[in-house]
Amino acid sequence: MAAAQSLTIGLASEPTAADPHYHKVTTNDAFSAHIFESLINRNAQMELIPGLAQSWRAVDDNTWELKLRQGVKFSNGEPFTSKDVLFTLCRVLNNETNVSRSYMEPAQSFSDVQTPDDYTVIIKSERPIPTMPNELARSLPIIWSGIAKFDKLRFAPKEGCGVTSPWPTVADFNTGKLSIGTGPYKLKSYVKGNGIEMERNEGYWGTKPHWKTVKMVPVPNAGPRLTGLMSGDYDVIESPAARDLPRIKENNKLDFVATPSTRLVFFQPDAGRAQSPFAKSADGKNPLQDLRVRQAINMAIDRKAIVQRLMDGMATVANQYMPTGMFGSLDKPTEIKFDPEAAKKLLAEAGYPQGFELTLTTTNDRYINDGQIAQAVAQYLTRIGIKTTVDAQAAAIYFPKRAKREFSFAIGGWPSENGEASGLFQYWVATTDKDKGLGTSNYGGFSLPAFDQVFVPAMSQMDANARKAAYQQATQIALANVPLIPLHFESSIWAFKKGLSYEGRRDQYTLAMSVKPK
Amino acid sequence: MIVYILRRMVQSFLVLLAVSLVVFMAVYAVGDPIELLVSAEASDADRQVMIKRLGLDLPVWLQYWSFLTRAFQGDLGTSFVHGIPAIELIVQRFPATFELVVVAIGLTCLLGIPLGLVAGLFNDKPLGRGLMGGSVLGFSLPNFWQGMMLILMFAVWLQWLPSSGRGDTVNVLGVPLSLLTADGWSHVMLPAINLALGNIALVLRLTATGVMEAKTQEYVKFARAKGISERRILTRHILRNILIPVVTVIGMEFGTLIAYSTITETVFAWPGMGKLLIDSIYKLDRPVVVAYVMLVTFIFVMINLLVDLAYAVLDPRVQLQEAQ
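If you read the sequences in order, they're chains A and B. Our numbering puts the first sequence at residues 1 to 518. Our numbering puts the second sequence at residues 1001 to 1324.
A portion of the hints provided could be inaccurate.
[Claimed, not checked] Lysine-lysine pairs mimicking BS3-like chemistry, simulated, CA-CA at most 30 Å apart: (1) B:Lys-1052 to A:Lys-158; (2) A:Lys-73 to A:Lys-498; (3) B:Lys-1215 to A:Lys-434; (4) A:Lys-436 to B:Lys-1125; (5) A:Lys-498 to A:Lys-518; (6) A:Lys-404 to B:Lys-1125; (7) A:Lys-253 to A:Lys-498; (8) A:Lys-468 to A:Lys-497; (9) A:Lys-249 to A:Lys-498; (10) A:Lys-468 to A:Lys-188; (11) B:Lys-1215 to B:Lys-1125; (12) A:Lys-67 to A:Lys-124; (13) A:Lys-401 to B:Lys-1215; (14) A:Lys-436 to A:Lys-401; (15) A:Lys-83 to A:Lys-249.
Bear in mind the hints are in silico, worked out from the structure with no lab data behind them.
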């Protein structure tokens, strides 16, 4: 029976710290979700559900009020109160050991946080933040206030909020000493490279998970991960290679689940410059600036074939920029038709009957089958007369170069983390304005005032219906102007032993709580 | 002897300094870690804060200078990715690699030398020829392929041994060791065999060639004529004479395995230093890569010194002082 109570998971990438406020990446968040909880939780479909807060409401445009759950205890037995929320916010804003100021959004724009009683938190912000519940769900794991000394806590991040001892650092969490949360598991050990061991928190307020002990082992290589599952070392593994799926299907001891994620895989054309390094035409201009050329490219790609043959069905064709069903996406997007003849005609109309030269740049270790996807797209473009070259690089080389705009037609992938259609548009499509955090990944230099005028005000629109309508309108404008060539939404895959079940999650989190015996 | 050691230490220090310069410049010429660390969501101000915090806004020579000054105080930099000292990260992984390599080198000595003796003594018999022929496979088949075959055979089909990871560990003076548990041994066997195969073949061939050469030498014939027992001839006369190149190779291989058992560690998901190096290169975690190479250079320099000293013990004719 003891064996049935323990679970071993093979992870594709290793969390970089046990500190829940260290680095905002999926792997870290999924790990910390076992030990720390947020005020608001998300279910597998990324819908918001009550977490440490039982209810929340917008009092006015700049004020949110949260009512906290009573009777919740930290894993050390201390009660959870509004003081811990305030402390967590202060720690996040005073964290000097985090990477790239992770988790500081949206707390940076809070003007005041009040705790009128133990179970009420009032958050005031400088600007309206309509996605406040989403933000609280994804970027505020609550830690225990007892890990630092203070006399009286108040929201004054610049003065340290009244904390008198040094703020805990990432190393303090890694040792497990300060890893005290309200989550369903307690951290037993975290040894880099060797794995993570957790124990069930018997005092957990919610549904207790099935597994008494959980071990997570990082196995970045897909081959060893799968053999580990086959030989019985692991009960569940993350992201088996798509090419191995047939073998998993044939194996009667294994099972798998594939869940559509919100991660869109796309190509970003360099549309913002008169000259582009890898788009060469006879007339010396950058053909990607011409809308008709972008439309032609859009129509030249057979997305269904890519999804079926290359992705083995483990992806969903993208006819818009966010999956259907997500807040602000179109309910019934028009299919982007695969029509090479019409594409050729458009290309001729744009003045390129003989095509032009284009280099597609891609990673080969970042997205599922990224190198092959680029090859396939290149072949489709060749078919309509564009002379293509594919340049595949390691992500570590690729991303810095893309940021310097050294490419003309570059692959990208982006999940909508806050569950709304705004994420991708804000960073990849809106006209670049670094001070406002707009277009920070708009490496193609795309700029369309008509789009910005609809989209940018929508981001601070508190009325949900009006915001949704504006996002949908922005989607329509984007689809018509092709700032990005959408391909598909990746599916996340988990493989596991027969006899288990896993509830695949849209946010790509791997959670021991979601593994259940059948 | 002491003068010799002192001189070697000064040499080692200069080597380390030169290596640090070359590695630092090389690593810092590749890519921009900021793009991998900072998400696209970060504002430009956040990005600048991060660049400043990591010291990436300074010119390279200034970065190198501050690296050097800190290195003299024992600080080889802080990992960009993990936020803790690079050396701590490497040291955490060291026991795993060390155990793996000790077992692999143990296997190499226990199997390579005796089998080499046998192959050398019976080099005109089918047994000797078979061993020599078989050893070719040992180092000509690619390491990762051997590893995958081992996993396929012993982990997936026979299910005798686990395919990856390190197994249970016991803390000895704060150092986690897995060689003290049965589970640990079961985990270490496959990767250790994978690491050892090539070296067993190498040592086997080296020993065999030495034995073949030695057994026709005058001094062996003379010893035999004196009526010394075959056993004594083998251990005192032949083995002692041929061990010098074997010890050199084993010493060098020991260093190589500690530094670069990356392939085996990747195939078996062994949480050692090699895997850390690969992960750090992928993530452009510069301080870890630099610290790693520095540490590895140090280990090589030390091993070389020890090998030289071992010569003197094995063969009193070897002079430690260089010729005047």
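Are the Cα atoms of Lys-1052 (chain B) and Lys-158 (chain A) separated by 30 Å or less?
-> 20 Å, holds
Given hint Lys-434 (chain A) paired with Lys-1215 (chain B) - CA-CA distance at most 30 Å | 79 Å, violated
Restraint check for Lys-73 (chain A) with Lys-498 (chain A), where alpha carbons must lie at most 30 Å apart = 35 Å, violated
Has the given pair, Lys-401 (chain A) with Lys-1215 (chain B), been kept, meaning a C-alpha gap of at most 30 Å?
-> It is violated: about 63 Å lies between the C-alpha atoms, which goes past 30 Å.
Lys-404 (chain A) paired with Lys-1125 (chain B) [C-alpha distance capped at 30 Å] = 67 Å, violated
Does Lys-253 (chain A) pair with Lys-498 (chain A) here, judged by a C-alpha cut-off of 30 Å?
-> Between Lys-253 (chain A) and Lys-498 (chain A) the Cα gap is close to 5 Å, so the pair holds against 30 Å.
Does Lys-498 (chain A) pair with Lys-518 (chain A) here, judged by a C-alpha cut-off of 30 Å?
-> The given pair, whose Cα atoms are some 9 Å apart, holds under the 30 Å limit.
Given the proposed pairing of Lys-67 (chain A) with Lys-124 (chain A), does the C-alpha separation stay at or below 30 Å?
-> Satisfied, since the Cα-Cα distance of roughly 15 Å is no more than 30 Å.
Between Lys-83 (chain A) and Lys-249 (chain A), does the CA-CA distance stay at or below 30 Å?
-> 50 Å, violated
Between Lys-249 (chain A) and Lys-498 (chain A), does the CA-CA distance stay at or below 30 Å?
-> 11 Å, holds
Does the structure keep Lys-468 (chain A) and Lys-188 (chain A) at a Cα separation of 30 Å or less?
-> At roughly 44 Å apart (the allowed maximum being 30 Å), Lys-188 (chain A) and Lys-468 (chain A) break the hint.
Hint consistency between Lys-1215 (chain B) and Lys-1125 (chain B) [alpha-carbon to alpha-carbon, up to 30 Å] | Holds, at about 15 Å.
Figure legend: structure checked against the earlier numbered hints; hints not met, in rising order: 2, 3, 4, 6, 8, 10, 13 and 15.
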